[in-house]
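Modelling step: build the complete structure from the supplied sequences, incorporating the hints.
Chains A and S, in that order, give the protein sequences. Each residue of the first sequence is one higher than the one before, starting from 1213 at the first, in my numbering. Each residue of the second sequence is one higher than the one before, starting from 152 at the first, in my numbering.
Calculated directly from the structure, the hints in this document are not laboratory data. Where is the CB? At the ideal position from N, CA and C, for every residue including glycine. There's no promise every hint is true.
Negatives, chain S to chain A, calculated, CB over 12 Å [stated by the list, open to error]:
hint, residue
1, Arg162
2, Gly166
3, Trp203
4, Cys419
5, Lys473
6, Val651
Here are the in silico distance ranges between beta carbons for each label pair [claimed, not checked]:
hint, chain 1, residue 1, chain 2, residue 2, range
7, A, Arg1465, S, Leu381, 53 to 63 Å
8, S, Val353, A, Lys1521, 33 to 43 Å
9, S, Trp231, A, Gln1265, 54 to 64 Å
10, S, Glu178, A, Lys1521, 43 to 53 Å
11, S, Ile385, A, Glu1362, 50 to 60 Å
12, A, Glu1362, S, Phe264, 16 to 26 Å
13, A, Ile1524, S, Val353, 40 to 50 Å
14, A, Glu1362, S, Arg265, 18 to 28 Å
15, S, Gln346, A, Thr1446, 18 to 28 Å
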Amino acid sequence: MNHLITRRTALKRLLRISGGLALSAFSGWPRDGLRSVWAGPKKRRFIVEGLGQGEGYSVEELTRRVFEAVGGITQFVSKGDVVVVKPNISWARRPDLAATTNPEVLEAVIGLCQEAGARRVRIADNTINDPRRCFALSGAGMVAKKTGAELIYPRSSLMREMKLGGNRLDVWPVFVPLVEADKLINLPVAKHHGLSSLTLGMKNWIGAVGGRRSALHQDIHQIIVDLAQFFSPTLTLIDATRIMIRNGPSGGRLSDVATRNTLVLGNDQVAADAKASMLFGLSPEQVGHIFLGQKRGLGTYDLQQLDQKQVIL
Amino acid sequence: MKATHLVWIRRISQGFFLVLFLFLLIESRLPQDIYLRYSLVFLSEQDLRIGWPVAFFFQLDPLIWLSSLLSGHHLIKGFWWGIALILMTLFLGRVFCGFICPLGTVHHVVSWFRPALKGQRMIEANQKSPSQKVKYFLLSSLLVGALIGLNLTGLIDPISLFFRSLALAVLPGLGVGLKEIFDWMAKTDVRILNQLSYGAEVLVSPVFGYGYQSYQSAWFIGIIFLITILLNRIRPRFWCRVLCPLGALLGIFSRFSILRLEKDLEKCTNCKLCTEGCQGAASPIPGQHWENAECLMCFNCFDFCPEGALSFRFTWHPKLNKKPDMGRRALLTGLLAGISIPLLGRLDGQVHKASEPRLIRPPGSSTEKDFLRLCQRCGLCMKVCPTNVINPTIGEAGMAGFWTPHLIMTQGYCEYTCTLCGSVCPTGAIREISAREKIERPIRIGSVYVDRGRCLPWSGNGPCIVCEELCPTSPKAIYFRKEVVPGADGKGKLVPLPYVDLKRCVGCGICEYKCPVKGRPAIRVISAGESRSLKNQILL
Chain A
1213 MNHLITRRTA LKRLLRISGG LALSAFSGWP RDGLRSVWAG PKKRRFIVEG LGQGEGYSVE
1273 ELTRRVFEAV GGITQFVSKG DVVVVKPNIS WARRPDLAAT TNPEVLEAVI GLCQEAGARR
1333 VRIADNTIND PRRCFALSGA GMVAKKTGAE LIYPRSSLMR EMKLGGNRLD VWPVFVPLVE
1393 ADKLINLPVA KHHGLSSLTL GMKNWIGAVG GRRSALHQDI HQIIVDLAQF FSPTLTLIDA
1453 TRIMIRNGPS GGRLSDVATR NTLVLGNDQV AADAKASMLF GLSPEQVGHI FLGQKRGLGT
1513 YDLQQLDQKQ VIL
Chain S
152 MKATHLVWIR RISQGFFLVL FLFLLIESRL PQDIYLRYSL VFLSEQDLRI GWPVAFFFQL
212 DPLIWLSSLL SGHHLIKGFW WGIALILMTL FLGRVFCGFI CPLGTVHHVV SWFRPALKGQ
272 RMIEANQKSP SQKVKYFLLS SLLVGALIGL NLTGLIDPIS LFFRSLALAV LPGLGVGLKE
332 IFDWMAKTDV RILNQLSYGA EVLVSPVFGY GYQSYQSAWF IGIIFLITIL LNRIRPRFWC
392 RVLCPLGALL GIFSRFSILR LEKDLEKCTN CKLCTEGCQG AASPIPGQHW ENAECLMCFN
452 CFDFCPEGAL SFRFTWHPKL NKKPDMGRRA LLTGLLAGIS IPLLGRLDGQ VHKASEPRLI
512 RPPGSSTEKD FLRLCQRCGL CMKVCPTNVI NPTIGEAGMA GFWTPHLIMT QGYCEYTCTL
572 CGSVCPTGAI REISAREKIE RPIRIGSVYV DRGRCLPWSG NGPCIVCEEL CPTSPKAIYF
632 RKEVVPGADG KGKLVPLPYV DLKRCVGCGI CEYKCPVKGR PAIRVISAGE SRSLKNQILL
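Below, the structure written as structure tokens:
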């Protein structure tokens, strides 16, 4: 057969090929572009602030958008990972009292991890009140049931003495599942705290250890930094949808709670805490452990040094 | 119906009720898989409750119902079960003892598996003996005592005794043993053992509940239980024959029973197999008068008789059954004991005068006077308490309050929004309250004071303030002020010092429980300020 290619068909084919290439390049560009930035030899540090401004905005959507601002959760969670989410479920209190991480945020984060192909998602916290009551009343139990995530109870067989190598804490019992995770996501709620002035991301690691925890208050800021250094999470997402502005960390009345509709996402613990501390009208260096965290080199509260992004919904 | 069938029906029924009892006992704890829809929790205060009727056997026990009515003038929840049981006893005799009572079943099984005596000696042991009057003495002293104002029924009521023994001694004993094994497995560096330890812990936790419970004086509860079991070596079902006050009560009602043992003297060859198998020493042999009040309705005699000389039949007689052999002296002594024990119990002045500072009753408890009238000392509140703070008293409530519940804040604390103990209390000695009532009223169980000599910041040993952090009230009852305190080097240190606002303190004790000063915490709860008492107050 004679395969004569006319000029017209040649042009058509060329157009098709180049157009397809252009289209594919265009659609793939943002992701590829970002990946080249984030996957560089030097980890870029970022801080994203998500604001829910619309009436009745969806917390789930806001969480998703906050992650999308830095390329989506697939940048951090890979297929087959065991992800441990560490919320703050210290108290057996209703979610609206802001003593515990907002279950809607928790649910959204777990959903994202599962979409990213995580093999297992676990919720783990060493609570202050009875864990059964904490998980039930705070909504974390319901989230686990709904999403199929594992709820890890702080059992004595899961506490294990480990070398922390901190300035104040050398050897201390640690809640093992957090150490054994492939990816660790810190998901605290932003609260006032009598002694440490605020409890945000780094303070949340007190709920990741066992032993005589009440003795940790004797040098609380140093110990928070020691623990933050040891646990060093993949990501910190601070839930400031509702914050506790006084009578922390337990609260108990709706008048202790202020609505901020904010999420702070960062891969720098100190910066995330610094950003969240501003919601309380404090400057970061006023908070002992944020100040010490920078001094120790865990991160910076000088947010100018980071990629700052804002998502408004 | 054939006798063997009857005996098998009895065994199945005994097994069923024993399993039911154990199941409800195990379910008497906060389950791990309680989920509340958080969107619902948003709008309402929700109280966590146990989904099973864990007080069922206490409601079925007419002695508990009767003693609370006589003593506290209070009809307990679900009392119609007890009434139904009495009605059943009126027609059928002590079938509760033979078919239902879980403690009776345990004694039955123990006596049957390892009979202590054989042949002639067993026949002799199964002759009715005067010691069987003891239970009537106990019953009369308990009921008279209850009427006068001290309800000691639960100490020897079979359901309370069995529940208390299993919940406070047997299960925690097994739990402690397992914990040692699991902890050892978790500590090793062998990964598979670590994982096995966790897995085993998850597996057994539905039985032992979350965490490992421990109770003061549980060793004593356990020993008493062992003794009641070992008594079966002297005579089969010794407890049921000689001691059980519930058996005595049901025995009295059985006088009207229409299910009777019919004896045929003609057929009897006097082989005495019926007496050898008799569980209640109720004189089943033809020629003796059947003691229906002692008969546990086990149907062994009916089953064992090779000649068919014995049978149980429903017969309508205008004549009543034989009067229970209570003994006038036993009843009179019982009356005397019943009058004197409540009075002796008040001699320490706890009810009317001084209040023991360590006697911290669960939230929702009635006044001390009413508490002693209603509490069955069954241990249900102690079993369900998620923090293990509720313990049996030894001397804190005086002799009258022995083994009643009180809170030991070094063992746990009362959770601010938890109201579980009152929701299960079978007699209402602890009233059912809601979390909202507990917080808003508030219901105080005591108040707290700082021991400045031991407190770390007050004594110049550095900052701490754990108590303030954990204080659950809003605004916090424990607050701090930053002040300069001289340290050991003589230099002043600026530290936050804890203070207590008595108006806000509810006495929950989380501060005492979590205080880093171990041994004797630097902040302690005393009963003063408890809502249930008008006298035991501090503030105007």
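Outcome of the hint check:
1. Residue placement check: Arg162 of chain S keeps its beta carbon more than 12 Å from all beta carbons of chain A (closest about 37 Å).
2. The claim that Gly166 of chain S is not at the interface with chain A holds, since no C-beta of that chain comes within 12 Å of its own (minimum 31 Å).
3. Taking the minimum C-beta to C-beta distance to chain A, about 16 Å, the non-interface status of Trp203 of chain S holds against the 12 Å cut.
4. With 12 Å as the threshold on Cβ separation, the claim that Cys419 of chain S sits away from chain A holds: the shortest Cβ distance comes to roughly 62 Å.
5. Against the 12 Å criterion, Lys473 of chain S stays outside the reach of chain A, whose nearest CB is about 54 Å from its own CB.
6. The non-interface label for Val651 of chain S is consistent with chain A: the shortest C-beta to C-beta separation is roughly 14 Å, beyond 12 Å.
7. Checking the proposed 53 to 63 Å range against Arg1465 of chain A and Leu381 of chain S shows it holds: the Cβ atoms sit about 56 Å from each other.
8. Distance hint for Val353 of chain S and Lys1521 of chain A: a CB-CB separation of about 42 Å, consistent with the stated range 33 to 43 Å.
9. A hinted range of 54 to 64 Å for the beta carbons of Trp231 of chain S and Gln1265 of chain A is consistent with their spacing of about 59 Å.
10. For Glu178 of chain S and Lys1521 of chain A, the Cβ-Cβ distance of about 51 Å falls inside the hinted range of 43 to 53 Å, so the restraint holds.
11. Hint check: Ile385 of chain S to Glu1362 of chain A, Cβ distance near 54 Å, so the stated range 50 to 60 Å holds.
12. Restraint check, Glu1362 of chain A to Phe264 of chain S: a C-beta distance of roughly 44 Å breaks the suggested window 16 to 26 Å.
13. Distance hint check: the CB atoms of Ile1524 of chain A and Val353 of chain S are about 44 Å apart, consistent with the given range 40 to 50 Å.
14. The supplied range of 18 to 28 Å is broken by Glu1362 of chain A and Arg265 of chain S, whose beta-carbon atoms lie about 47 Å from each other.
15. With their beta carbons about 24 Å apart, Gln346 of chain S and Thr1446 of chain A fall inside the hinted range of 18 to 28 Å.
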